[in-house]
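Quick one: dock chain against chain with the hints and give me the complex.
Those sequence lines, one after another, are chains A and B.
Taken in order, the first sequence gives residues 1 to 262; the numbers are from the UniProt record's numbering.
Taken in order, the second sequence gives residues 1 to 391; the numbers are from the UniProt record's numbering.
The hints are simulated quantities; they were obtained by calculation from the structure and are not laboratory data.
Note that beta-carbon positions come from the ideal geometry of N, C-alpha and C, so glycine has one too.
Be a bit skeptical, because a hint or two may be false.
With the Cβ distance kept under 10 Å, some of the chain B side facing chain A (calculated, not the full set) [what the hints assert, rightly or not]:
id, residue
1, ASP265
2, ARG270
3, ARG271
Have a look at the derived ranges for each label pair, beta carbon to beta carbon [said to hold, decoys possible]:
id, chain 1, residue 1, chain 2, residue 2, range
4, B, PRO175, A, LEU117, 45 to 51 Å
5, B, ASN364, A, SER192, 50 to 56 Å
6, A, ALA133, B, ALA47, 50 to 56 Å
7, A, VAL73, B, ILE196, 49 to 55 Å
8, B, ILE28, A, THR128, 26 to 32 Å
9, A, SER146, B, ASN364, 53 to 59 Å
10, A, ARG125, B, PRO175, 26 to 32 Å
11, A, ASP121, B, MET32, 35 to 41 Å
Listed below are several chain B residues computed to face chain A (Cβ distance under 7 Å; list not exhaustive) [unchecked claim]:
id, residue
12, ARG252
13, ARG254
14, ALA268
15, ALA272
16, ARG333
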Amino acid sequence: MPPAVPPSADSATTTPFLQISGVSKHFGGVRALHEVDLDLRRGEVIALVGDNGAGKSTLVNVVSGVQRPDSGVLHVNGVEVRLDSPRAAAAVGIHTVYQDLSLCDNLDAVKNLFLGLEETDPWWRGRTLRRRAMERRAREVLDSMSVRLRSFTAPVGGMSGGQRQGIAICRALVSDPSLVLLDEPTAALGVSQRAEVLDLILRLKEDNRGVLVISHDLKDVQHVADRVVVLRLGSKVAEFSRGDYTSSDLVAAITGAHEGVA
Amino acid sequence: MSTQIGRTDGAPAWSRLAGIFEDRLSNIPVLMVLGAIWLFFYTRNEAFLSSQNITNLILQIATTAMLALGIVFVLLVGEIDLSSAILSGVCATVVANYAVTSGWNIYLALAAGIALGMIAMVIQAVIVVFGVPSLIVTLGGMVVFQGLLLVVLPPEFTVSVGGTDYAEIASADVPTTVAYLVAGVVWVGYTISRWIHARGSSNDRIWAGVLSLVIGVAVFGGVTVLSRADGLPLPVVILGAMLIVAAYVTTRTRYGIHLYAVGGDRDAARRAGIPVSRMIIYSFAILGFCAAIAGVVDAARLLSVSNSSGGGPLMLNAIAAAVVGGTSLFGGRGSVWSALLGALVIGSISNGVQLLGYSPEVQNFATGGVLVVAVAMDVVITRGSLWPRRA
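Just chain B, same shape as in the assembly (with noise of 0.2 Å):
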């Protein structure tokens, strides 16, 4: 999503209409794939996109999407991260003694959970700013937190929140009625941001039209078919939240180009007076904040924190996420939507995989699969062509 002047006055119909998607088309691979998985599992199963199957499937991301999130911060100025799950369990743990054992109002075991996140992942972020890779940073920072879970668990080595505010955070639901109400604002307010924004070209009304509309149904339908008996889920509505936040913010903002000039040309940010050295500690930052909502809504969901908090699969899944939705690895390119696109393909493979009662061991190859194929077809479709370049 950028800016829209499409020079294509007096071109052939089949160029406007390219025209008019030119460069929006970079969530089409992951899309697909999408509608592959779910294609396939529907057909063998109409519970898979049942309403109720469908929240589930969201409520199980949740987690994942929130993470991956603040990984596509930081894989959009061209850093990695490999610490943020097993801090998101460190964070979780610290709100669960803070809320729990300690009985301080949540609000505040929260604001200290995610304080936590965020000095921590911007402690890591300083050290690579003065020039040690990411990956060595946040692979000994990984080591290190799996050491601090053990120190900030009790010696029973977990803390079970269960019938707590803390539990409260997974299960509670936002009314209806108010859902819809929030829904309609939104759509509203970026319907009517968009028409303002619209160049006179006829290219730019269309696209605000299809946008508009293609927001609408997602926005109501999404509120719908997510709603359970009382009302939408609360983690469908913070990854919400925090996903049209990072969208306002990478595309509508000077951070935003900001972040993604530093990914794409360091040198050229620098000169352009870009703060570099900031601007990932920044991404950092985020990712931290990210990490300790995610971990807090994941404990709140299993109801307890132990020493497996944000271990397991969860690291590698967030990473895997932002890229099968399109994030590159090399910085600069991609956008917040992958986080959530991805976290649904790798999501709906395990899902329909235990729906459909197939052995685990088929998650495994199908989600490796993917992730290889999705990020394949981004490759081709970025370079425009089957074959790779000859040197």
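In isolation and in its complexed conformation, chain A is listed as follows (with noise of 0.2 Å):
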């Protein structure tokens, strides 16, 4: 296990990277978010944990673009936005990276990092692409983030569940992005594999980017984040600070022992 970074000192006085205040969203009659708040800054790891249906993926969703929320607004950097598609998040500096990882299985590393924003020859020069440009870029990101591949070229659908994943977090770094959203990012792990994304999430720390990670692990939580945001029916229902809690008390949060904590 990587040693666990302290939050930076100045967190709490700058002005959040992004800003979510009074979001809600239904589906039908079901409430998934009431009237969520939440502030996420550079440089800090943000925990998403709640139980089945506490509205984890929809708020992940409304962040990166998937879903519009009912009511309530996000401001990046004190501007209000209006994200309402992946792409839009992108432009604003929001990366997603899905629980599904969205790898194409049959092409290599650089394809799958660079993959729609592929970097190309001017028209005069036939629109080729710039597989040399690419290659380093790729090669820097990946370095970056220590993650090691045994091959450029081959395609990554026969690479180990840790070398995908981080593959799809460094793809998310090609357009170097403020705000990292990773849904789920050790489910399918194993132990060694599970202690390698960790540590890509405390490099992206380190590199001065925000972080909001969704986790049924408690564990990986208590590890990495600097804040555990607990959401319980679609409410934010507690939050927590690196220290101020224990497993028991996250637990407690999460099924409605004590209601009303926050």
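Put into structure tokens, the structure is as follows:
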């Protein structure tokens, strides 16, 4: 396990990168999110925990531009934004690593990293792919995250879960985002690969990026998160800072045993 | 063919060697099958590998290969097509009507035929994008185009194109000197671009050199072998040009990566901002273009269009060619060269069987067997083991 990094000292004083205020979302009669407020700062890891159906995925979908909230506003660097597509979210520096990773198994690592963002020569040079430039950048990003691949040319379908997760995270980094959303990044991984991914999360933080991670694993959460936000039945019921809570506090908040802890 | 960095520094020699060829082996099974077939027929009759017979062989397979090339694009995005062969007959007939019966300029008539092919395919593609399986859409399309062929044919069900500009498409030759000149320009251009793009690693330099040499031998040897008395047959040049453009587009452009991405994982492609539906429509449009050209070349070689144009085994041969050549039926895997190599395998069997005077059923048995064997070899190589995985 890598050493935990302390929260940056000034994180409480700077303007949050993303401010979520009063966000609600209904699906028919089901209340998925109710008046949720949340601030996310660069250089801070926030974990989102909660039982199934607590609204974690809906909140991530709202922030990543997949779903529009029914009410509430989002501010990025103090400016109100409408995120109505993943592209709009990417444009303001928010990138999402989906639980299924969204990698093309038949393509190699470099092509996956740049998928949809390929660099090409100008039209008078035939719009040829700038493969060398992309490979150089891919190597930089992968090295910066210490993701080690045996080959850049092998299809990613044959790689380990940890390597694939690493590529998926690096894919988010190609466009230098300010906030990375991770949906259950450790769910399907073995012990050593899980450690690799937690290490990646801490690296994102060292690079002064914000991280919002959904996880079911409370041990992982305690290990990486500067703050833990607990959702229950669509509402934010608790928020804990590093060191201020025990596992049983988390479990109690998640299950609703101490209603009103927040 | 993809990006080329092998991290094999300090690895043992055999592993470095493997690194050079890593991921560049996809054409090996079909090349082995092709070599075995050629060796077999050559040992039975040396005339099989004579320059004249090879030229003949290429002319025989040109139609299948052109159609298979279009089918590769459709297979790569994970769709299938059954209608393009008969559509090629319709396009050839329309071109014959305009160029021969109505006396239009041949290029104008060709443009009309190509436009028809592309429009017919785009209509089908739009239905596919709406969610109807392409197998069904193009099966229906095949039947509709059979009807359309009867509509566009004159009452006597045939148009002879002998002695017209139309027939020239198959019988014209590009002068040998021009062919060598063009081949030289292509080869030098290729070598320079390879060298520029070769990464610092010695593996890449070696690979660039090997490829340049192989391509040089193939290009100049091809021109030498395939030239007849007056030069290089025009269908060979058309097929070569189509393959080179297709190879460039699929391996060197953003469109090419997106093509493979759509076939590999549609959801991932969509999340990456790739217009998946549009990519599928493009693939079918390219198939429509290839089908029109294939139909015209075929009709020009046979000197007529009729109600059997685009019929017979052409459709299945074209699909088989793409698959034998190593293109996956499930999308995302394969290359444009599989169209040529697969068509060569299938064409070599029929050419050899006829040359040796075997009875026609031998050809059916051999072609069917090779289809299964070639794909089985591909499966085994891809899996890395002879035995099926246990569930």
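Which numbered hints fail: Every hint satisfied by this model.
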